[in-house]
Amino acid sequence: MTGPVQPWLPDDAVAPQRIQPAIERMVAEWSRHWFPGAPLRASIGRNEPPAQTGGGGAWRSAADLAAIEFGPSAQAALAGAMLAIPIPASATERDRAFLEAAARPCADDLLKRLAGLAGRDIARLAVAPEPLAAGDCAWWPLKTAGGKPVLRLATSRAALVAIARHGIEPAKPRPLSSRRQAIAAQEVVVSARLGRCAVPLADLHDLAVGDVLVLDAAPEAALDLLLNGRPSPFRAVLDPDSGAARLTLTANQD
Amino acid sequence: MADSKSTVRLVEDPAAPSSPRIDERLIGAVEVVLEAHLGKAVLSVERLMQLKAGDSLPLDAALNADVELRLNGVTIARGELVSVGTNFGVRIAEIAQK
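Chains as they are written, first to last, in the numbering used here: chain A, 1 to 254; chain B, 255 to 352.
Just so you know, these hints were derived from the structure itself, not from any lab.
Among these hints, one or two may not hold up.
Stated by the list, open to error - Cross-link-like lysine to aspartate or glutamate pairs, in silico, EDC-like; alpha carbons within 16 Å at most: (1) A:LYS112 / A:GLU24; (2) B:LYS352 / B:GLU300; (3) A:LYS112 / A:GLU29; (4) B:LYS294 / A:GLU187; (5) B:LYS294 / B:ASP314; (6) B:LYS306 / A:ASP64; (7) A:LYS143 / A:ASP64; (8) A:LYS143 / A:GLU24; (9) B:LYS294 / B:ASP320; (10) B:LYS294 / A:ASP224; (11) B:LYS294 / A:ASP239; (12) B:LYS352 / A:ASP239; (13) B:LYS352 / A:ASP224; (14) A:LYS112 / A:ASP64.
Fair warning: this is a prediction, and the values are worked out from it, not measured in the lab.
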């Protein structure tokens with residue numbers, strides 16, 4: 001059975017509580033870069049499917065990693081935070097278009113920074129107006145210092161794994177050995193098969209000391225050599241060597 | 255909603271004898287293959303790749319050592335190597351318990 005190949009870490013290693021400090025730092029830096037006021041704060045939120053907030057441009061997403069809420073209210077909140085002015089509910093369509101254009105690079109930068117946390121390059125991750133497909137998301141409501149929700153960030157499990165892995169100091173790998181050398185040093189058991197005989201199960205049950213089984217091979221015939229118990233192309237004859245058994249290889253089997 | 259999966263449940267036949275088993279005599283004619291082996295040598299793959307016709311390979315067994323009889327790779331008996339007419343044979347000297 002096959003399935004999609006995904007990087008893996010134990011569940012405990014990718015629990016939102018473990019990832020939260022990195023997300024909080026990233027959001028704080030992003031906030032300081034874009035907003036003149038107090039930075040937004042990221043907290044652990046409830047697991048809600050992205051579809052609840054609607055599609056059609058209501059989300060910006062970075063491939064399979066993360067999505068950020070980007071509906072009109074989020075756009076107004078972001079633009080308002082950037083301009084340090086409250087955006088009135090009476091904003092016109094033109095105002096809304098301006099706010100969306102102003103807020104989009106800010107939202108995309110958040111996704112870019114999150115991808116950076118995961119060791120991924122946003123330039124190769126298209127930012128698209130789609131929610132995350134995966135239902136196994138972690139949710140990070142971004143709130144003002146006063147606790148007012150501004151927007152929500154969703155990260156996939158793949159993102160959590162990537163962030164956790166990227167945050168671990170990489171071990172310096174030892175150089176790999178030559179595969180040829182490793183194989184050459186591998187030990188193999190060579191055994192000589194003198195012959196075989198087929199025995200009915202009933203006879204095998206009744207087999208007793210003193211019985212003689214006749215093999216299918218003649219003494220002068222070359223023996224099969226087995227490698228780790230499996231047939232091989234080698235054959236040999238049995239030679240005496242001061243009482244010890246010794247094999248002399250004959251031409252290989254075809 | 256009802257489960258649409260079909261299941262098969264084995265039921266006991268009250269008329270059948272309890273704990274039915276296949277009589278061993280019914281499969282007594284089934285043939286299995288015993289293999290006779292004498293000694294072994296342990297070589298590296300490198301040495302193995304260098305082997306050619308005429309090379310000698312000492313085994314870890316004496317010529318008069320008992321031959322092992324293996325069933326599916328498992329040694330179940332040992333015996334003396336003999337000749338029977340024009341063939342090798344093995345006279346059983348030791349056999350595993352049933």
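Hints, one by one, checked against the model:
{"no.": "1", "hint": "A:LYS112 / A:GLU24", "result": "15 Å, holds"}
{"no.": "2", "hint": "B:LYS352 / B:GLU300", "result": "41 Å, violated"}
{"no.": "3", "hint": "A:LYS112 / A:GLU29", "result": "12 Å, holds"}
{"no.": "4", "hint": "B:LYS294 / A:GLU187", "result": "12 Å, holds"}
{"no.": "5", "hint": "B:LYS294 / B:ASP314", "result": "6 Å, holds"}
{"no.": "6", "hint": "B:LYS306 / A:ASP64", "result": "57 Å, violated"}
{"no.": "7", "hint": "A:LYS143 / A:ASP64", "result": "24 Å, violated"}
{"no.": "8", "hint": "A:LYS143 / A:GLU24", "result": "11 Å, holds"}
{"no.": "9", "hint": "B:LYS294 / B:ASP320", "result": "13 Å, holds"}
{"no.": "10", "hint": "B:LYS294 / A:ASP224", "result": "12 Å, holds"}
{"no.": "11", "hint": "B:LYS294 / A:ASP239", "result": "14 Å, holds"}
{"no.": "12", "hint": "B:LYS352 / A:ASP239", "result": "35 Å, violated"}
{"no.": "13", "hint": "B:LYS352 / A:ASP224", "result": "29 Å, violated"}
{"no.": "14", "hint": "A:LYS112 / A:ASP64", "result": "13 Å, holds"}
When each numbered hint is compared with the structure, violations occur for hints 2, 6, 7, 12, 13.
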